[in-house]
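Full structure from sequences and hints, please.
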Amino acid sequence: MPDSGDPLPSLDHLRWQCRRGMLELDYVLRRYLDAHYETAPPEQQRQFVALLGMQDQDLLAWLVHGLPPADATLRGIIRRVRDID
Numbered sequence: 000m001p002d003s004g005d006p007l008p009s010l011d012h013l014r015w016q017c018r019r020g021m022l023e024l025d026y027v028l029r030r031y032l033d034a035h036y037e038t039a040p041p042e043q044q045r046q047f048v049a050l051l052g053m054q055d056q057d058l059l060a061w062l063v064h065g066l067p068p069a070d071a072t073l074r075g076i077i078r079r080v081r082d083i084d
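In numbering that gives the first Met the number 0, the protein residues as written are 0 to 84.
Just so you know, the hints here were simulated from the structure itself, not pulled from any lab data.
Careful, some of the hints might be misleading.
[Said to hold, decoys possible] Here are the simulated distance ranges between beta carbons: (1) Gly65 with Asp5: 28 to 36 angstroms; (2) Asp11 with Ala69: 26 to 34 angstroms; (3) Ile83 with Asp55: 13 to 21 angstroms; (4) Gln16 with Arg78: 16 to 24 angstroms; (5) Asp70 with Gln16: 17 to 25 angstroms.
Ideal Cβ positions, reconstructed from N, Cα and C, are used throughout, including at glycine.
See the structure below:
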């Protein structure tokens, strides 16, 4: 996870990182970014940035297929991203 002292990437950079090449992932990640990222607490923003650094196959399993990650620190952000109305 990014260090709490590191600056967060710009929204444009994050939008680019949300483009995964899998329409399902693109949709889920962009939906969270557009609807909740800017108003999320800094720690949650950092968790989302860390999530964007994960492999597509893992993200697909967690965000689309609903499998829990082994890393407990990711479970909260995965739940938030997946459960957006």
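Each hint, compared with the structure:
1. Gly65 with Asp5: 28 to 36 angstroms: 30 angstroms, holds
2. Asp11 with Ala69: 26 to 34 angstroms: The hinted range 26 to 34 angstroms holds for Asp11 and Ala69, with Cβ atoms some 31 angstroms apart.
3. Ile83 with Asp55: 13 to 21 angstroms: Check passed, 19 angstroms falls within 13 to 21 angstroms.
4. Gln16 with Arg78: 16 to 24 angstroms: 20 angstroms, holds
5. Asp70 with Gln16: 17 to 25 angstroms: 19 angstroms, holds
Of the numbered hints given earlier, the model fails none.
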